[in-house]
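Take the given structure of chain S and dock chain Z to it, following the hints.
Quick note, the sequences are listed as chains S and Z, same order.
Quick note: the first sequence uses numbering that gives the first Met the number 0, first residue 0, plus one each step.
Quick note: the second sequence uses numbering that gives the first Met the number 0, first residue 0, plus one each step.
In short, the hints are calculated from the structure, not lab data.
All C-beta atoms, glycine included, are put in the ideal place defined by N, C-alpha and C.
Check each hint, because a few of them may be wrong.
What the hints assert, rightly or not - Covered stretches of chain S (in silico footprint by chain Z; criterion: 3 or more residues with CB under 8 Å from a CB of chain Z, positions within the stretch not fixed): (1) 39-50; (2) 214-221; (3) 380-389; (4) 401-412; (5) 430-440; (6) 465-479.
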Amino acid sequence: MVIEIAKPRPIWQILFSTHHTDVALLYIITSIVFLMLGGALALTIRTELLFPGATIISDPTLYNKIFTVHGTTMLFLWILPFISGVGNYLVPILVKYKDMAYPRLNAVAYWMTVPAAALIWLGWSDTTWMAYPPYSTIRAPGPAADMWIFGLKIAGLSSILGAINFIVTILKCKHPDLPLMRVSPFVWSILVTSLMTLAALPTFTAALIMLYTDRLGVSGFFNPEMGGDPIAYQHLFWFTFHPEVYIFLIPAVGMAYELIPKFSRKPIFSYGSAVIAFILLSIIGFASWAHHMLATGLSFTEKTVFMIGTLAAVPMSAMHVFNWMATMWGGRIKFAAPMKFVVGGIMLFFTSGAGGVVNTTLPLDFITHDTYWVVGHFHMMLMGTVSFIFMGFLYYMFPLITGRMYSERLANVHFWFAFIGTIIVFTAMHIVGLYGMPRRVWDYVPDPTIITLNQIASIGAYILGIGMAVFIALLIRDSVKGKPADMKDPFGIGEIYYDYRRREPHH
Amino acid sequence: MTIEEESPIIRTTASRLGKGIAIILVVMAVAAAIHIAFNDVWSKYPPMNQVAKAGTSTAPTTPTPATPAVGESRTFNLAFYERTPTDLYFTVDGQENADIIVNVGDKITINIKNEGNMPHSFGIVTDPNDVNSIAFTNANIGSSTQFLLSKQEGTTTFIADKPGEYYYICLVAGHADLGMKGKFIVE
Chain S
0 MVIEIAKPRP
10 IWQILFSTHH
20 TDVALLYIIT
30 SIVFLMLGGA
40 LALTIRTELL
50 FPGATIISDP
60 TLYNKIFTVH
70 GTTMLFLWIL
80 PFISGVGNYL
90 VPILVKYKDM
100 AYPRLNAVAY
110 WMTVPAAALI
120 WLGWSDTTWM
130 AYPPYSTIRA
140 PGPAADMWIF
150 GLKIAGLSSI
160 LGAINFIVTI
170 LKCKHPDLPL
180 MRVSPFVWSI
190 LVTSLMTLAA
200 LPTFTAALIM
210 LYTDRLGVSG
220 FFNPEMGGDP
230 IAYQHLFWFT
240 FHPEVYIFLI
250 PAVGMAYELI
260 PKFSRKPIFS
270 YGSAVIAFIL
280 LSIIGFASWA
290 HHMLATGLSF
300 TEKTVFMIGT
310 LAAVPMSAMH
320 VFNWMATMWG
330 GRIKFAAPMK
340 FVVGGIMLFF
350 TSGAGGVVNT
360 TLPLDFITHD
370 TYWVVGHFHM
380 MLMGTVSFIF
390 MGFLYYMFPL
400 ITGRMYSERL
410 ANVHFWFAFI
420 GTIIVFTAMH
430 IVGLYGMPRR
440 VWDYVPDPTI
450 ITLNQIASIG
460 AYILGIGMAV
470 FIALLIRDSV
480 KGKPADMKDP
490 FGIGEIYYDY
500 RRREPHH
Chain Z
0 MTIEEESPII
10 RTTASRLGKG
20 IAIILVVMAV
30 AAAIHIAFND
40 VWSKYPPMNQ
50 VAKAGTSTAP
60 TTPTPATPAV
70 GESRTFNLAF
80 YERTPTDLYF
90 TVDGQENADI
100 IVNVGDKITI
110 NIKNEGNMPH
120 SFGIVTDPND
130 VNSIAFTNAN
140 IGSSTQFLLS
150 KQEGTTTFIA
160 DKPGEYYYIC
170 LVAGHADLGM
180 KGKFIVE
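The following block holds chain S by itself, in its conformation from the complex:
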C-alpha cells in the first residue's frame, strides 16, 4: 500500500521502523481502521434509534457501551493518530530536517496507541467517553472501566511524547536558513497544538489517576461521602478537553492552509494573520472549559466569564475563514477531491460555529444542554469540519504515499454522499434536540415528530455510511490499481508537491 524506493522492504521492516514516513504510515493506517470501526458503531447506534423501543440492541447497557467506545475511538484512535500521522510525514519535510528529532521516541509513541486501543476495545466500558462521577466511580463495572482509564492514560502519554517530539523537531531541528515565520502554516498548527497538548493534558492525566483511586475506594476526590466533589472532575476533565477541541481543530485548519493556496493557484492571502490566529486560538482555548458546565450551578459571574471566553474564539476562527476565502477569491480554483473536502468542511464549519455560539449563550444553553442539539453540534464540527479536511488531505497525500492517483470519479461519489449525509444526519440531530430529545438514550418518546426526525437522521447516517464505504473501497483499490502518478505534480497545479524521495530510509 506504500511506495518503496530502490527495492521493496519486507513488511515487518516497515512495521518496526523508526523512519518518520514509516511511523506516519502506521499512524495513518491505524487511524483509518478505527475510523471505519467507529463508523460501524455509529451506524449501529443510528439503527437502534430508527424506531422507538428496543430494535437491534436488546440491552440499554450495551447501547451505553457502544456509544462510549464510538466516542473514545473517534477522538483518540481516529483524529489524534491521524494528526500525528500527517504531522510525522510532513513536518520533517516542511522544516527540511532528515527525520523527527527523536525517531525512536516517535516509534514508541505510535506503539503506545496499540495497547491503548486494545484496552478500550477489549473492555467496552459503559461510562461514556467523559466518565463523569458518580457513575464512573461507584457504579461502572470493572474491569472494563478500569481498562478504559488505563487505555486513555497510555493514549495521553503517547500524545505527550508525540508533542515533545514535534516541538523539538520544529524549534530545534528546523533548517537554519528557514525562518520560523516562513514555514508552512501547517507546521505552525502542529507546533501550537503540541504546546497546547503539553499544557492541557496533565490535568486529565491527574483526573484519571484520581478517578482510579476513587474506584479503588482509597480516595474520595469525587465522592461527597468522603468530602469530595463530583463537579471537580468536570473541571479537571474540561480543562483538558476544551483545549483538546482546538487540538483537534487546529491541525485541520493547518491542512486547509496547505491545500487552499495550492488548489486556488494563488499565494496565501495573509500568512501573518494565520499565525496570529493560531496562537490566539491556542490561548483562548484555555478560557472556555466551563461552558460545558453552565448547567452545573456555577455562579453568574463564572458563567459570564466563560461565555465571553468562548465567544472570544469566534474572531480567530473568522480570521481563518476570511483568510481562506480571500485566498480563494479570484484564484483559478481546481476542484479536485482535496479542495472539495476542504470547501465542504469550511461550509459546515459555519454551521457548527453558529451552533457553538448558541450553546454558550447562557439563556439558550439551558434549552440545549444535554440534548441531541449538542450531539449534532460537536459532530458537525468533528465530522463535518475536522474529518472532512482530514479526508481531503488524505486524498492530497495519496500520490505521495502510494505513488498512484486515486479515482477522481469515486472520490467525487464519496464527497457528495459524505457531504449530503453529514448535513442530513447532524441537522436532524440539532432539531430533534430542540424538541427535547436527551442525548445518550437508547429509547425515546414515541412522538411522531421525534420519530420522524430520528428516522431522517438515520437515513442521513446511512448515506454517509455509503460514502465512507466508497472511501475505503477506493483507498484499497487505487493503492494497487490506480494510475501511476506524476510524482512532481500529481494534481496538475504546478510543481509544488512534496518530495517522495523521503521514503528512502536512512537508518
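Here is chain Z on its own, set in the frame of chain S:
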C-alpha cells in the same frame, strides 16, 4: 530526465496490499476472539469501593427486633429476577410476585437473593409508588440508596404487628413500576 528516473520507485502490488490487510484483519480477529472468550469478565465486578462497602456494611441485614413475637414464625425465600432490563419481578418461594399472607403478630423472616444483573433492594410499603412509605422499618433489606448487588444475598426478621394490605417492592427508583412488586397482607 525526470526525478523518477533518478530515484526509481516501486509501487505496491496486490499481494503486498493483501498481506497488509491480512495483518490488520488477523489482529482484529485475535482481539475479537479475546473479547468474546472473556465476554462475561469485562463488566463483571463492581468498583472496589462498593465491594468494600458491601463487605462491611450493616444495611443489607437488619438486626432481629426486640419485641417478642406472639404468632408463629414464618420464613419466605424471595429472589430478584430480570426478564429484560425493563421487565422485572420477584419470586416468592418460586412463585412470581405471589401474595404473601401472614397473621398479625407473626415473626417473619425474609431471605432474598439478587439473581439479576442490576442492583436491587427490598422493602414493604403502604404505597407501591412511594419508596418512602415504609410500613415495617425492620423489613428493609438495603434501602433506596444502598443496594444488594448482583448475586448478593440478604436476610431480615421482623414482626408483622399491624394488620392491613401492604406491598413488598424493590426500593430502587422505578423498579416497582417495572414489575418488582407484590402484595403483603397482614390478616
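Problem set entry | Ascending list of hint numbers which this structure does not respect | Of the numbered hints, 1, 3 and 5 do not hold.
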